[in-house]
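Asker: Chains as they are written, first to last, in our numbering: chain A, 1 to 137; chain B, 1 to 420.
Hints may be right or wrong, so weigh each one.
[Claimed, not checked] Stretch by stretch, here's where chain A covers chain B in the computed footprint (C-beta under 8 angstroms, at least three residues): (1) 128-135; (2) 207-215; (3) 220-233.
[As the list claims (entries may be wrong)] Dumping the calculated BS3-like pairs for lysine-lysine here, alpha-carbon to alpha-carbon at most 25 angstroms: (4) K298/B with K78/A; (5) K5/B with K128/A; (6) K5/B with K298/B; (7) K129/A with K105/A; (8) K129/A with K18/A; (9) K105/A with K135/A; (10) K18/A with K105/A; (11) K341/B with K298/B; (12) K341/B with K129/A.
Source of the hints: derived by calculation from the structure; they are not laboratory data. Glycine is no exception: its CB is placed at the ideal position from the N, C-alpha and C atoms.
The chain contents come next:
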Amino acid sequence: MATDINSYDFYLGLGQHKLLGSRELSSGHLFLPPRMLDPETQATDMEWVEFSGKGKLVAFTVIYVGSSAMLAAGYDRKNPYCVGIVETEEGPKISAQILDLDLSKPETIQIGMPLEVVYIERGEGEAKKTFLGFKPV
Amino acid sequence: MAGRKLGRGVAVVGAGMTKFGTFRCRTSRELFVTAFQEMLASIDKGFDPREINALYIGNYSSDLFEFQGHTAPILADWVGLTPRPATRVEDACASGGVALRQGLISIASGLYDIVLVGGIEKMTDLPTEKVTDALGTAADSVYEIPAGFTFPGFYAAMASAYMHAYGATPQTFMKVGLKNHENGALNNKAQFGQRIADIMEARKASAAKKGLPLPTWQTEMDFLNDDRGNPMVAWPMRLFDCSPVSDGAATVLLVSEELAHHFTDAPLYLIGSGQGSDGALHSRSTLTSIPSARVAAKEAYQMAGVTPDDIDLAEVHDCFTIAEIMASEDLGFFAPGTGGKAAEAGETARTGRHPINTSGGLKSKGHPVGASGIGQVVEIWKQLRGTAGERQLPGNPTLGLTHNVGGTGQTCTVHIFERR
Numbered sequence: 001m002a003t004d005i006n007s008y009d010f011y012l013g014l015g016q017h018k019l020l021g022s023r024e025l026s027s028g029h030l031f032l033p034p035r036m037l038d039p040e041t042q043a044t045d046m047e048w049v050e051f052s053g054k055g056k057l058v059a060f061t062v063i064y065v066g067s068s069a070m071l072a073a074g075y076d077r078k079n080p081y082c083v084g085i086v087e088t089e090e091g092p093k094i095s096a097q098i099l100d101l102d103l104s105k106p107e108t109i110q111i112g113m114p115l116e117v118v119y120i121e122r123g124e125g126e127a128k129k130t131f132l133g134f135k136p137v
Numbered sequence: 001m002a003g004r005k006l007g008r009g010v011a012v013v014g015a016g017m018t019k020f021g022t023f024r025c026r027t028s029r030e031l032f033v034t035a036f037q038e039m040l041a042s043i044d045k046g047f048d049p050r051e052i053n054a055l056y057i058g059n060y061s062s063d064l065f066e067f068q069g070h071t072a073p074i075l076a077d078w079v080g081l082t083p084r085p086a087t088r089v090e091d092a093c094a095s096g097g098v099a100l101r102q103g104l105i106s107i108a109s110g111l112y113d114i115v116l117v118g119g120i121e122k123m124t125d126l127p128t129e130k131v132t133d134a135l136g137t138a139a140d141s142v143y144e145i146p147a148g149f150t151f152p153g154f155y156a157a158m159a160s161a162y163m164h165a166y167g168a169t170p171q172t173f174m175k176v177g178l179k180n181h182e183n184g185a186l187n188n189k190a191q192f193g194q195r196i197a198d199i200m201e202a203r204k205a206s207a208a209k210k211g212l213p214l215p216t217w218q219t220e221m222d223f224l225n226d227d228r229g230n231p232m233v234a235w236p237m238r239l240f241d242c243s244p245v246s247d248g249a250a251t252v253l254l255v256s257e258e259l260a261h262h263f264t265d266a267p268l269y270l271i272g273s274g275q276g277s278d279g280a281l282h283s284r285s286t287l288t289s290i291p292s293a294r295v296a297a298k299e300a301y302q303m304a305g306v307t308p309d310d311i312d313l314a315e316v317h318d319c320f321t322i323a324e325i326m327a328s329e330d331l332g333f334f335a336p337g338t339g340g341k342a343a344e345a346g347e348t349a350r351t352g353r354h355p356i357n358t359s360g361g362l363k364s365k366g367h368p369v370g371a372s373g374i375g376q377v378v379e380i381w382k383q384l385r386g387t388a389g390e391r392q393l394p395g396n397p398t399l400g401l402t403h404n405v406g407g408t409g410q411t412c413t414v415h416i417f418e419r420r
């Protein structure tokens, strides 16, 4: 019986301050975000794996015109936010908000800089959800 | 894998489009009728549209933009073509290009002889943040959008990687916008058909008229580097690096090769077609190239039996200025990492070695997403038939290419057209 790997449990994991990916047991391939099927081998013998939360920045942007959800979170032209693609030390890459950077000078943000995971809580009560973030080490 | 071949030849014998822009009083159906009528008028020897066998219509999201699903039969009805099969094709901003490919396949298979291919999008009814959200559904709504990504943000992130890898600067990207507005200024179908210098002068005049402090811009680059003239959207992409939100429609008529001369003495033969797919941006091995574009280009070049240097002009998917630079590399016009320098050197201008986006591109002409891929074909139709007016390329171009990307490259189609 294959382990049930799904995005719902990934976000539940973030709520427990765990960064959860998956590993296919026969190929050893690691996935973050977690996958239920190894796209290279089609195999599905997966287990959950907790990632270390360490990685480096491989691409980023500072967004001045955000989505509705980010506007609701308090971001706008005067208060922009950074989003990036982070390569984890285990290898897989994932999209995340990047916190604790000087966004007034985006050109000084360094691709390759080491990052560590942070868990971003938004909303109250039933609507509370945890989002993936990273910040400089 | 050996190159794929079409079962039989297919030609474009008519093409038409609306002006792209903001049309408050028109829905998709009125825009589509207008594009259809212009296509009919372009058919040199005339044609009874009741001979059309089927319709393939590229449309990204009438559902979100107009709260109207099931769009294709409505459009077929509005141009008097029911009960013929009418199929909506959706692959985000590549919907038009993929509809073209489906129309091509339907004729090449022998199933149909005469097919109407269209593209349509009506985007401007929604406020900006809702448009941002609707476009965002072309990415991964589970893992990319919750991180805060927007479409300008995705391409800006690719731009950051390109700058890091190859030493490009924000000014490199601005050159693409300058060139596309130069071309769009010669296209009466363009939404923003003005040179950036003219936009700058108009802003100065407007400030003077309103008694506001006069901007000190002397050159286009002053204007483009200034937050007041060219606000940041997603660093390093500024407003003039981004294609606009647009309404518009475009249609082309495809027929089997043996029928082409019943319609015109100057058909364009659709000799190459390619399409590729990919996963989320963060899952890719490169962020400075769009792998699905390389897959699509390889398939199209092999099918057509031509090389990048044979192509006389290309309409590429410049949804953002960085996208045009990556496209110019992915299509093989320039080596990886040299597309930015080529743009700066004017090699993609109408007078350059590889003219790109003579129409003004998505940047100046507009980007009604489902229509953009067919709008590109309209430009190739005009250029290869020598009817592009002031922006006509010299030297009787015979080979044109279109490159239409969906999302951040989850889809790409490439098509090659030949005038014989």
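Asker: Hints first: check each against the structure and report whether it holds.
Answerer: Hint-by-hint comparison with the structure:
no.: 1; hint: 128-135; result: holds (count 5)
no.: 2; hint: 207-215; result: violated (count 0)
no.: 3; hint: 220-233; result: holds (count 3)
no.: 4; hint: K298/B with K78/A; result: 44 angstroms, violated
no.: 5; hint: K5/B with K128/A; result: 54 angstroms, violated
no.: 6; hint: K5/B with K298/B; result: 13 angstroms, holds
no.: 7; hint: K129/A with K105/A; result: 30 angstroms, violated
no.: 8; hint: K129/A with K18/A; result: 14 angstroms, holds
no.: 9; hint: K105/A with K135/A; result: 16 angstroms, holds
no.: 10; hint: K18/A with K105/A; result: 31 angstroms, violated
no.: 11; hint: K341/B with K298/B; result: 24 angstroms, holds
no.: 12; hint: K341/B with K129/A; result: 45 angstroms, violated
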